[in-house]
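Here the protein sequences line up with chains A and B, keeping their order.
Residue numbers for the first sequence follow my numbering, so the first one is 1 and each next one is one higher.
Residue numbers for the second sequence follow my numbering, so the first one is 1001 and each next one is one higher.
Hints are not guaranteed to be accurate.
Among chain B residues calculated to face chain A with C-beta under 8 angstroms, some are [claimed, not checked]:
(1) 1101
(2) 1133
(3) 1135
(4) 1136
(5) 1153
So the derived list for chain A, only partly shown, Cβ under 7 angstroms to chain B, looks like this [claimed, not checked]:
(6) 50
(7) 69
(8) 201
(9) 210
The set of hints was computed from the structure by calculation and includes no laboratory data.
Backbone N, C-alpha and C define an ideal beta-carbon position, used for all residues, glycine too.
Residue strings, one per chain:
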Amino acid sequence: MSPAEVVDFEPPYLFPEYRSTVLRAPHRPLVRLPEEWFHRGPGPAFGRIPVSPDDADLTRQHKGEPLGERIILAGRVVDEDGAPVRDTLVEVWQANAAGRYADPADDHLAPLDPNFTGAGRCRTDSDGRYRFVTIKPGAYPWQNHENAWRPAHVHFSLFGPQLSGRLVTQMYFPGDPLMRLDPILNSIPDARGRQLLVASFDIASTTPGWALAYRWDIVIRGRRATPLER
Amino acid sequence: MSERPRPTPSQTVGPFFGFALPFTGDVDAVRPDGTGTLRIEGQVLDGAGEPVPDSLVEVWHASQFARCRTDVEGAFHFNLAKPAALRLLDGRVRAPHMNVTVFARGLLRHLETFLYFPDESEANSTDPVLELLDPNLRATLIARPDGQVLRFDIRLQGESETAFFAL
């Protein structure tokens, strides 16, 4: 496939409907560097970021259990060849069930949950799989425009094995009527691209009597990063 | 037609990551009191010249990695060691530099740039990345000595906008 045929699903930097882009989007186009300079160059060494097995269960970080709908959020991280991205760091953060972040900067008048922080980390396994236990986040209002609400979402940060693989994004829940109205999601011009950010309800991965489940697979930019090439 | 999976698109880091992404020692790519440790200080600024208080800056090179959330003044700092020059696959040599990644509310995709060192003027003058740039743009990538520290400001937009790269 030649580069011209590749449909770019990435959002632009400037998307005025998302007001904060107006003064923060660079005016100059990005400087393109010859790909051969960086081909298969390794990505950041994220090994200093601490991660313990407990960090993958966001419902067990406090004395009691958080309020909200308990969910299992799992999926697979692959590269552009479909090969698993093994042992890579996945960081997540989110609002609580009421739509409030445990962040001092969040002044939304919804209750904090003393039993929920909403931050987790894990590493993918040998098949590229990750798995978190959390609660379904709530929608919340923001100041972007009149009566603006963010659809429920979970933030994700991934490194990937290669220089081009760094990814920070957001995962949405299927059927959320707010997605249609959200300028951040709709900054992605192609509906197929937006669909890539929506998880699937996954009845097979639920724990009967305990938790519902959503599946969301992630494709990291980059190709066939085998240990030999690192 | 290839069935290759499409990369997952990017979304903004948002304003509320400060409770989640920082970690103990995150700004120290090397020991802050080690021999040869350099302290980098800078500010992230928007198109109006205002500080960007909700951005996350990461620097890395080889085994060094550090992360800093900007404060209310848009300020960040790092402790790092100047890396060695790097030979590209085509044999050309890149001057010592750090990779710099910027995330922020209002940045739907992150930005990538490079930090070069002011005491490497000879290596910088033949660096293949710097050579691609006009002199005024080149200057945005070279940290400047400021007392005991090196100063590296990141201007997201405007006349003295930092050079950003597609990798």
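Results of checking the hints against the structure:
At a threshold of 8 angstroms, the smallest CB-CB gap from residue 1101 (chain B) to chain A is about 6 angstroms, leaving the interface hint in force. Checking residue 1133 (chain B) against chain A: minimum C-beta separation of about 7 angstroms stays under 8 angstroms; hint holds. A cut of 8 angstroms between beta carbons decides the hint on residue 1135 (chain B): the least distance to chain A is about 14 angstroms, and the hint is violated. About 11 angstroms separates the beta-carbon of residue 1136 (chain B) from the nearest beta-carbon of chain A, more than 8 angstroms, and the hint is not met.
Among the interface hints, the one on residue 1153 (chain B) is violated; its C-beta lies about 14 angstroms from the nearest C-beta in chain A, farther than the 8 angstroms criterion. With a least beta-carbon distance of about 6 angstroms to chain B, the hint placing residue 50 (chain A) at the interface is held under the 7 angstroms criterion. Given the 7 angstroms rule on beta carbons, the hint for residue 69 (chain A) is violated: about 21 angstroms separates it from the nearest Cβ of chain B. Residue-level restraint check for residue 201 (chain A) is violated (minimum Cβ-Cβ distance to chain B is 19 angstroms; threshold 7 angstroms).
The beta carbon of residue 210 (chain A) is not positioned within 7 angstroms of any beta carbon in chain B (closest approach about 25 angstroms), and the interface hint is therefore violated.
In this structure, the hints that do not hold are numbers 3, 4, 5, 7, 8, 9, in rising order.
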